[in-house]
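Chain by chain, the residues run as shown.
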Amino acid sequence: MESLLTVKNLQTNFYTEDGVVRAVNGISYSMRPGEILGVVGESGCGKSVHAMSILRLIQSPPGKIEGGEVWFNGRDLLQLTEDEMRKVRGHEIAMVFQDPMSSLNPVYTVGFQISEALMLHKGMDKQAARKRAQELLVLVGIPEASKRLDNYPHQFSGGMRQRAMIAMALSCEPKLLIADEPTTALDVTIQAQIINLVIKLQQELGMAVMWITHDLGVVAEMVNTINVMYAGYIIERGPVMDIYKNPTHPYTVGLLGSLPRLDEAPGTKLASIPGLPPDLLALPKGCPFYARCVYRAAQCTESMPPLEDTGTAGHIVACWRWKEIFRKGA
Amino acid sequence: MTTNSTVLLRVRNLKKYFPIYSGLVLSRHVNDVKAVDDVSFDVYRGETLGLVGETGCGKTTVGRTVLRLYEPTAGQIVFDGTDINALGENELRAFRRRMQMIFQDPYASLNPRMTVGSIISAPLDVHTKLSKKEKQDRVQELLKIVGLNPDFVNRYPHEFSGGQRQRIGIARSLAINPELIICDEPISSLDVSIQAQVVNLLEELQDKLGLTYIFIAHDLSMVRHISDRMAVMYLGKVMELADRNEIYLRPMHPYTQALMSAVPVPDPSRARNRQRILLEGDIPSPVNPPVGCHFHTRCPWADEHCRQVDPEYREIVPGHFVACHYARIN
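Protein sequences, first through last, are from chains A and B. Counting with the working numbering, you get residues 1 to 330 for the letters of the first sequence. Counting with the working numbering, you get residues 1001 to 1330 for the letters of the second sequence.
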């Protein structure tokens, strides 16, 4: 099938006083139309920076997209002019940010903020945009939508603000919705509401969704494919069932082992990963996970392992030793 | 629970209201935030009691009020046979050395101008008459216990990562050999792989030093992992309290059931097949909690009775407490 988004060798660096922070180090993957992709990793793994790079929202300086291609709908977004890019943002690709408190403008009503995009991208007049904004609030499950349009963000609760953000993102029927930790600031019962909402809307509208999170539990139930990122690299990628059943990178295994399960037996120990993520100012030459890896060997320090096919459809891994570690019997 | 089941801490009908004042000149007491509203529980020596709940449920306030960092509005806090609520300041100080706290935010809870050594020895300065040399030795020993290099004594907090800072906070809380440690969301600001490290450390320390913990968090799976018994709070009240297995296998309160079904499961096939109980709406304000049962506005079972009468918090089977009119043994 034709892909919707193809990222090729994307690299983003930040030039700081302390040196060059290598946030994204040449990642490549593609997404099909209507696919839900989970991008998983811990703080500083480059998951958000890579999404911001796709939308060219990296502040420069200090940030700079050093290279790569981002093909979306037959165009390389990195080659567009700023004017052309502005027509992509919020229109073809929309983004929902982590913190609904700070991503809404406190001095405008919620209704105005939703209709703004409609007037800009769809050329609607004020009345039509307001009417559509109201429909969108109903769509995302905000009660008394007609009254709520005239509310300011502070009159909304956290969950409602995130719903409003989603309404805004969906206003122009984007082909791709990028959700950057949209539920991290919310309580679990509200998180469950938002996840259900996004799954429902994705099915109704058929858009592709990129869900960025540090929580392997959240993505388990909704995504088709997972990219696991570490230190600016994709270190493992595959269909969701396969990633959870047969994780093939020691980091993914460690991450899954670090999670307590609600149904675990008493006395279960968490398999924590020792040490800390590497300093992005001074990435090692070899595998970035080397220092924390229980399977490390001399060969791992030589160079960054390439992504290799594991033999299961679409499941790739960047580890020098994955065969001997995880495929012993095979 | 451990074999030794004497009660270390007994909390009875604890209330903590924060007054709201209105008016600039004639400031009047107009209302209260009922952060903790009639909470009772016991903590046995050597066990971990988990307090879990969503934003604003009062779990942190319970922790702080138990240490009398907040003055309780009403109720009894009996620590090892003494009602600490009735103690004067000097007597209280003697009790404080038996109870310590680990705070949520390792960035805000360590003074940036103090070295790690002086941070950890601060409780020793207050509560002991050790010589300088003895204090130094104790600090080095504590750093070793929490898995940090003893040579770090002269470094400042900014030189450490979040996980390491939390270890410093743990070392500080252990300095004067407390019996009870209140862990207030000690891991919620940490990355997944680091969370597991800190939780494993807390468990090891408990085994080694015979500590009693009150572990406060919003992450149900983590609370279940570390606790022997757990209490689920909602809007200032304990809704359910039971042994970790009992509450997982037989949750009787509809809120507990909904909370459990909302917890993300890091297993795609199970996550997709389970039935989710979605709660509607948001958590009401603790300033004007709903009349009757606090949960009735979101409860799938609520009827007229629940809207009028606050359910009694009662022991339905031995050790299993529930505050719901319709809790049944099935």
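These are computed hints drawn from the structure, not numbers from a lab. All values reported here derive from a predicted model rather than from experimental measurement. Certain hints may be false.
[Stated by the list, open to error] Among chain A residues calculated to face chain B with C-beta under 10 Å, some are:
#1 M160
#2 G217
#3 K245
#4 Y251
#5 R261
#6 L276
#7 E302
#8 M304
#9 L307
All C-beta atoms in this analysis are idealised placements derived from N, C-alpha and C, irrespective of residue type, glycine included.
Against the structure, the hints:
no.: 1; hint: M160; verdict: 7 Å, holds
no.: 2; hint: G217; verdict: 3 Å, holds
no.: 3; hint: K245; verdict: 8 Å, holds
no.: 4; hint: Y251; verdict: 8 Å, holds
no.: 5; hint: R261; verdict: 6 Å, holds
no.: 6; hint: L276; verdict: 5 Å, holds
no.: 7; hint: E302; verdict: 25 Å, violated
no.: 8; hint: M304; verdict: 20 Å, violated
no.: 9; hint: L307; verdict: 22 Å, violated
Violated hints for the displayed structure, listed by number in ascending order: 7, 8, 9.
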